[in-house]
Structure formats: C-alpha cells, structure tokens
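Participant: Here is how the chains run, residue by residue.
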Amino acid sequence: MLAKSAKLEYLKFRRYRPFWIILGLFVLAFFAVGFSMKALVDFFVRENANDLGKYLENGLPLFDFVDIWQNLAYITFLFKYILAFVVVISICLEYSNKTIRQNMIDGLSHREYLFSKLSLMVLLSLIAGALLTLLGLALGLMYSPVKSLDFVVLNMEFVLAYMFEVFCFLALAMFVATLLRRTGFAIVLFVLYSLAIEPIITAIMEFNYELEVWYFPVKSINNLIHIPFGKYIFREVQDFVSLREIGVATFWMVLWIFLTYQLIRKRDA
Amino acid sequence: MRTHMEAVLRTEQLSKTFGKIKAVQQLDLEISAGQVFGILGPNGSGKTTTLGMILGVVKPTSGSYNWFGKGDSHHLRKRIGAILEHPVFYPFLSAVENLRISAHIKDVANPDFDGLLQMVGLYDRRNDAFKTYSLGMKQRLAIATALVSDPEVLIFDEPTNGLDPQGIADIRQLILDIAGMGKTIVLASHLLDEVQKVCTDFAVLRTGEKIFQGSVDHVLNQKQRIEVYAEDHERLLQELENDNRVLRLEKQNGVFVIEVSDDLTTGILNKAMFERGLLLSHLATVRSNLEETFLEILREDAR
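Residue numbers (my numbering), protein chains in the order written: chain A, 597 to 865; chain B, 1028 to 1330.
What you were told as hints is all true, and nothing was included just to trick you.
Per label pair, the in silico range of CB-to-CB distance:
| hint | chain 1 | residue 1 | chain 2 | residue 2 | range |
| --- | --- | --- | --- | --- | --- |
| 1 | A | L756 | B | A1136 | 35 to 41 Å |
| 2 | B | K1097 | A | L839 | 45 to 51 Å |
| 3 | A | Q834 | B | A1136 | 50 to 56 Å |
| 4 | A | Q834 | B | V1135 | 52 to 58 Å |
| 5 | B | A1136 | A | L719 | 22 to 28 Å |
| 6 | B | E1236 | A | A599 | 44 to 50 Å |
| 7 | A | L785 | B | H1245 | 54 to 60 Å |
| 8 | A | L722 | B | F1239 | 57 to 63 Å |
| 9 | A | L722 | B | V1135 | 25 to 31 Å |
| 10 | A | S692 | B | K1086 | 18 to 24 Å |
| 11 | A | A599 | B | H1113 | 28 to 34 Å |
| 12 | A | Y857 | B | A1034 | 29 to 35 Å |
Footprint (simulated), chain A over chain B, 3 or more residues, beta carbon under 8 Å:
| hint | segment |
| --- | --- |
| 13 | 1084–1092 |
| 14 | 1125–1132 |
Hints were generated in silico from the structure; no laboratory data involved.
Ideal Cβ positions, reconstructed from N, Cα and C, are used throughout, including at glycine.
Next comes chain B alone, as it looks inside the complex (with noise of 0.2 Å):
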C-alpha cells in the first residue's frame, strides 16, 4: 500500500550546462505520491530541461535522479505520462492511430482508446489527422496520451500555454479532474495563478536555481492582509478587535497588519472608519512574500 509519504521522485543535486549556460544548478526536489506539484518559473528558468532530464531525454551533466525509489530505466517510464514543451505527434495519423503508437510503446495490454477521447472531448474527431487539430485540441490529445496506460505520476509542461481563456479552463478542470483520481501531477509553468489554481505543493526556479519550495494553502492561499492605521490608533484598535470580520491583528512597524475575510477589501474598510468618524492615515494591500519575490523575478525576465 502506498502512503502519502513515499517518494516518487527525488533528484539530488541534479545540474545541466549547456556550454557556458548553466540551465539547472543543484537542484534537490522531492515529490510525494498524490501531490499536484508544481514547477514555477520564467520562461528560460530552466523547468523544460529539468523535465527533460528526470523523463531520460537530457542527459544531466552532474547529480542524479530517483524514480518510485527504484532509480532510472525506460521500463518505469511506462508508469509516467509526459508530455514536454509542444504536444507531439505524428502529424499524417489520426488521434487513434497516435495513441495507439503510445500504447504500444508503454506496452498496454487493452488500452480504452474510446474512453480517453471522450473525456478530453476529441471522441468526434478521433479518426481525423493530427495536423487537422487546433492547438486546443492537441493539447488535449497530450493528456489523453499521457493518460493512455494509466500511469500513476503525469507531467504537463505549460499545458495551457497559447490557448484562449475557455481552452485555458478546460485544460486546468481536465488536471484537477486527473489529480482527483490519486494521481501525482507535476505542472511547469510560468502562471503564478496557474499553480495556485492547480498545485498543493511548488518550488520556483530563476535561472536554474531552486529559490523556494512549500506547500500553495501555506504560502500562496493566505488570507488577504491589509496594513492599516489611524491618528487616533486606540479608537482603530478597538473597532478592528470588535469587527468579526478581522481574523486576526498584529502590529507591526507603527501600523496595524490585519489578516481579514474575503468580502473586506480596503475600500469596505475605509467606508466603514470613515462612517464610525475615523480618518485613515494608512492604508494599503500587504503582498506575502512569495507573491512579491515571484512577481519580481518576472518583472526582471521581461527587462
């Protein structure tokens, strides 16, 4: 029986230069059975050779990797689902024809062909080239193959890149859907609100270094938190403390940090003291840690 505990990867200082460029330095990473992990980092940060070096595509040029505890072949990768960076096919056969190949490789013995296409809803065009296919389409095509020997870990690289809003939801129910059937998902992405969407545990890269790794409810899912404050800060206290809608208070550098409820923004906020005959001199939206260091590295990428 598994537990939650088991490993199913773990890489150990695992690197990759590319002449002079270092893609992934050191990376240790650990990932449990049933976690939805997710890999978050701007584009060049390295997630794609990573993925590419624990699915045996990329060789590593230092450190090392660790499958269900059993170490590195091409037969336990018939227990994984990978699609990396672009869906890829043979472009002249059908959606069939192409599961069928995936099939024969990772040697299902009576693979649902039907089934699978059903559930990304390519049943109807099941039997047209995949060069026919929009993106949308191929994406989906992805994860049914990645789905087709019903393997126990799955990896998406950026699924949802380049499609519209509507392709975009779909393709994140379709993982929750998957991740609500025991499966260990790993996500890449660049979409900070993709892995706090999708993912229970994260790490972030910036050019190929491991910066954080933790749990999203921890980290990403905290409350909202609002940095307040008033002249008459004893009157503030006192309404703050009286308002059921303030989880929890703190004071911190002069200002009160309150941790509230969804339905208080800071607009509510400033009604409601200013209705009671309170003047704010201080008010403004904290941003967790994380938020701000992600949203950094991504404001540097874009230099």
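Next up, chain A with everything else stripped away, as it sits in the complex (with noise of 0.2 Å):
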C-alpha cells in the first residue's frame, strides 16, 4: 500500500511545474545562504574587530567539524516553510480541483490518501536532509581545519535531527492545509500562529509569568535544535538533542497525523 501511495502523488505532482519551481528555489537559497553565511560572519568579525579582542582573528569556528553539524541545521530552520508551503498546495490543490473527492469515487481509501501525503513529507524530509549533508561536507571541506573523517561523522546526529525537525513541521502544515482547505488561507494562518501567534504567547507566558513553555506545538519542533552560538561567548549550551524534547515533538507529530485521518474519514470529500 505504500508503495502505491507515493507512486500516486508522483504521477499527481511529477508535471506539476509550481513545486518544481519551489523546489529549485529551495535548493538554491539554501546553498545560497550557506555559502554567504562565512563571507558574511568573517565581515561581522572585521567590523567589531576591536570589541571582540584578539581572540577572533581566525574568525569564529562556525565551519569546523563537529560543530558545523548544529551550526548549520540551526541557521536553515526557516527552510521548513518552503517545504511546508510545498504540502500546503499538494492538499489544498486536491480541494480546490475536487480531486480527492474523484480520487475516493474511484476507490482510493482514506488510508491510502493519507499515506500518499505522508510520503510526499517523508520525501522533502529527506532532500532537506541531504542538502544539509552536502551543505556540510562543502563548507566544511572547504573551511575545518579538521578533516579527518571521525570528526566528520561526529554530531551528524544533527541532520537527523533536522530530518525530523522538518517532518514534524510538515505534519503540522498537512493537518491545517486538511482543516482550512484553502491555499491562501492555510499559508496565511500557519505563518502567522508558527511566528506570530504561538512565540507572542509563549514570550509573555515564559518572560511575564515564569511558566513552561517547551510543550507548545511550534516551540517543541523548534527546541529540537538548540541554538548553538552561545559556546562562542562562553556561554552553555545543550549541544545535543534530548529524548524528551524529541518525545514532545513526536507526541504533536502523531497527534497531527491522527486529526488529519479523522478529518478525511468524518467529513464529506
């Protein structure tokens, strides 16, 4: 059944130009901001030469093996919400078009639908994935005074991570693309809670009143990967993923999948 799911949403999507399109500029900008990242760090450190001190003539070790792993799936987090909008059309689209309702005439179960959407995310999970492996090995390559190939694979634990971080957010993007049906209106409201509403309400909840706030569905995903910068002015900083932040995140993952099967088997197609 998997396999004729994701054969399904290629034969759907494979002359869609749009998502080629999207996906292209994906690619790009992603190389494009890793490559403009040591150009632009290196200007920074020039510029603030003289509050900075000595110690950061060489630069800041952004690049290097081992720390390069988080460095970099932390800077590309914004990345999810091309691949999201990339989910939010392929669902919205079957709406619009009425195809999903033609798709059910013609026999495809719900289970097969959903499972059709879930391998388009396995699928964008796992390019973002790899261009974060060869965003990595380049500019690591190019910039690690290590090379050797231990530290390499040391923290790769972190492209992973990303994978999942990526997931769990298209997971998010399909349950509200399902909810509201529409492409505008989906994109609108899924931009706005994930940096609007959800990190105003979390600030004032963690700032104001002193609460927890790792739970929220967003802040979980987004906590996956720690911001990792804090090391470069001694500061600490979890420079691993926890197992219960994953847990968090896998908790809204399925609970997102789960609400997005009941609202295709309740709701008339």
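From the two separate chains plus the hints, produce the assembled complex.
Facilitator: Next up, the structure:
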C-alpha cells in the first residue's frame, strides 16, 4: 500500500511546474545562504574586531567539523517553511480541484490518501537532510581545520534531528491545510500562528509569568535543535538532542497525523 | 453467472440532511444488473447527494446502501466508474496522465488508454493538458475515465449539462453504446427527454423524496393518446373502429380516448373526419400522468 500511495503522489505532481520551481528555489536558497554565511561572519568579525578582542582574529569556528552540523541545522531552520508550502499546496489543490473526491469515488481509501501525502512529506524531509549533508560537507571541507573522517561524522545526528524537525513541521502543515482546504488561507494562518501568535504567547508566559513553554507545538519542533552560538561567547548551550524534546515533538506529530486522518474520514469529501 | 434480477445496488431508507435542509429522505432504490436506470428530478431534488452517498463521499445521516450484495468498501468502488457533477481532473495533466491516475487507484493491470481515448474521440488531443479542453471534451474524458477499469456499473451525473446539441447527441449515443456492452448504468438528469431516450427504468425525485419509480417503456413511451368527441357519437365510434391507425379505444368521462399509431396526429384525424362529414366537438392530446406530474414539478421548480 505504501508503494502504491507514493506512486500516486508521484503521478499527480511530477508534471506540476510550481512544485519544481519552489523546490528549485529551496535548493538555491539553501546553498546561497550556506555559502554566503562565511563571508557574512567574516565581515561581522572584521567590523567588530576592536570589541571582540584578539581571539577572534581567525574568524568564528562556525564551519569547523563537530560544530558545523548543529550550526547549519540551526541556521537553516526557516527553510522548512518552503517545504511546508509545498505540502499545503499539494493538499489544498486536491480540494480546490475536487480531485480528492474523485480519488475516493475511484476507490482510493482514506488511509491510502493519507499515506500518499505522508510519502510526499518523507521525501521532502529526506531532500532537506540530503541538502544539509551536502552543504555541511562542502563548507566543512572548505573551511574546517580538521578534516579526518571521525570528526566529519561526529555530531551528524543533527542531520537526522533536522530531518525529524522538518517532518514534524510538515505534519502540522498537513493538518492546517486539510482543516482549512484553501491554499492562501492555510498559508497565512500557518505562518501567522507559527511565527507570531505562538511565539508571542510563549514569550509572555515565559518572561512575564515564568511558566514552562516547552510543550507548545511549534516551540517543541524548534526546540529540537538548540541555538548553538552561545558557546562562542562562553555561555553554556545544549549541544545534543534531548530525548524529552524528541518525545514532545513526536507526540504533536502523531496527533497532527491522527487528526488529519479523522478529518478525511469524517468529513464529506 | 449473473442473472438479470440480481440487485447491483440497493438503498434502504437512505437520508441526508444538511442543517435544516432534508436533501434526501428515506430513499429506497433497487437497481438490477443490465438496467439503464434514470434518476430524474429538477435541480436541487437530491440527485447528486444521493449519488455522493452511494459513492462513499457524502456521509448518510441515516439509512444504508449495499453494492453487489456485499455492502460498501473502497474496493467495491473500483468496480464502478463514476463522475459526479462536473468532470474532475488535474488541470495541469494530460488526458493520458489523468487516466493513468484513475487506473492506478483502481489497480488496473493493463489499461488500454489509446483504445479508450479513441472510443470517446479524444485520441488526437491525448497529450494536451486537461485545462485546454472544451466542456464537451472534458465530459468525454470523464466517460473514458469511468470506463478505465472496465467496470460493471457506470454512474453519470448530468452528463450533457452545458453541451451544444451535437455534443448532447454524441454523449447520449456514447451512453447507449456503453449500455449495449451489457453494463449497468445509473444516469441522473433533470431532462425528461434524456431519461426517455436513454434509460430502461427510472425513479423521480422531488425535494429529496422518491415520488415515482417504473419502467420507461411502460410509462413514458406509451403510444400517443387522443381524446375525441362528436355530436354524432355513434358514427364517430364506427369511423374510429374502422380506422386501422386507432390501436385501442375506450370511453372515459363521456369522450372517446383512443391510442393511435405515430402517423395519426390530431390534425390528420380532424381532417379525415371532416372529409367524411363529421364535425368534431372535442379533440385533444392526452399526456401520460407521469409526464404531467413531472412537468408540474418543473413548473413549481421554476417559480
């Protein structure tokens, strides 16, 4: 059934040009940001040389192996929005064209439909992971002082964590798209919630009332990979992926998929 | 072996309400193998909702339906070819690519896309995107898609809606050809004339209720009937009995009601009687009850 669902999604969208354009832009932006990072950081260090003192004269060790995987995985966190848009478009298109209804009339089960969208999400997550790996290897081999294989692969679990982060995020996107069914509406609400509403709520709770906020859906996804840069100004940072955070993100991800399935099953198509 | 009496579809007390609107009310239908079954009713009478329910995309509020005596599952739907309302396809894909998706969903092993597209007359445009098609071409692709798994049952919902006269004639002929292949067909239409021309059996829906069910031959394709009367009714009776175009004669409410062959119209009858020196005091065509009822429903609907 998995192979059938995946092939169905492929048959539907392999000729859909906007997909390829968005994916192309995603790859381009991913590499452009990655490669311009070095120049940007060098510029920043040069401009602030007096304040930061002599220890930075060789630049920040952003792209040194071991450090590089967490750094890149964190820097590229916004790119998952582009992939989320692909998922939203693919789902909302089925509703605006009423093809989801025709698929079911033709004999597609609710589960097969869900799996076809999940297969798209898995593929996008794998692409994100592959790009991160390529970018990390390229930048590391260019700028890292150490290049031995043991160091290269050390901390590569951040690539896995990044793929997981993308997949969890896409699960939320799938739910919002299935719930709202209209592309523009879904994208606006999705962006508004994840970039404004939830961050504002959690910020107020955290800073004004000192409440715990790790369990919020978007927060839990973005928390998988912590901000690594504190260590460059001698602050302690979490340089691993914690099991509790994986657990929370998994809980939400499973919930979004389950709710999406319920929506498809219970609603008139 | 299938017998002609086997029920392909049976619905029991099938009902759907949208808020306060009762779209379909306690509908009992039984459709047998080999029938071309018309669901006749004005717009908004619950035809599409009924088809949506039996195709698993509209959840019934109450009641049940049963396909092939086996109940309902998405696997059974692979044995049905159906298009609801407008032709629905991926606009950026070609005819062949859209057909391939349906064939993939229905697990068709060796689909004959070229043959199907030739049959519906779309072969030359098979590689063009669906969005470039005219409405008639879209309807024809819909029929090809419905046929892709060589299904036992085909369901068409207003298949000639919005087409020009030539398109309407083509689609009707196509449906008759498909019926000739021994397939069971369910056709929803608001056109009495369409049901009359294409179907063998039919039911009439009105605001979600079935108000009639019967065979087209018995009810709609009756011989033309004429009411006639003259002062000299004994001579009239004699003349009518001697005319071999008069197939049946009875006396109803003080006038003669005759069933006539197609070549005898009221005009011809009037002239014939006049030439024999008989002056008719009453002459009128009689509509069948159903036709009368249905036209009444349509008139109410238009108001």
